[in-house]
Amino acid sequence: MSEGKKPQRKRAQNFSEAEKITLINLIRQYKDVLENKRSDAVTSKDKDKCWKVIEQSLNNSVFSTYNIKI
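Residue numbers are given in this note's numbering: position 67 of the sequence shown equals residue 67, and the series is strictly consecutive.
Derived from the structure by calculation, the hints contain no laboratory data. Hints may be right or wrong, so weigh each one.
Quick list of simulated restraints, FRET-style, between CB atoms [to be verified]: (1) K37 with G4: 49 to 57 angstroms; (2) K5 with K49: 44 to 52 angstroms; (3) K45 with P7: 41 to 49 angstroms; (4) Q29 with P7: 39 to 47 angstroms; (5) N36 with N60: 22 to 30 angstroms; (6) N60 with E35: 21 to 29 angstroms.
All of these numbers come straight from a predicted model, not from anything done at the bench. Glycine is no exception: its CB is placed at the ideal position from the N, C-alpha and C atoms.
With the hints as constraints, model all of the structure from the sequences given.
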């Protein structure tokens, strides 16, 4: 039965160890805003701004580019 099936490819790694450390450090910088439990418009805009800054900073510091979708 398994004849004709292509062997599965091994998945590529999402982030390198250096990229993970960079991302964690960036998130720590904005922890207070990102972990804010409020859900009003101002807080949501602040969180969006933080994620965009994190995205730009991560893309500037690594070889691959990432698009963080919210």
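When the structure is checked against the list of hints, which entries are broken? Sort them ascending. Of the numbered hints, all hold.
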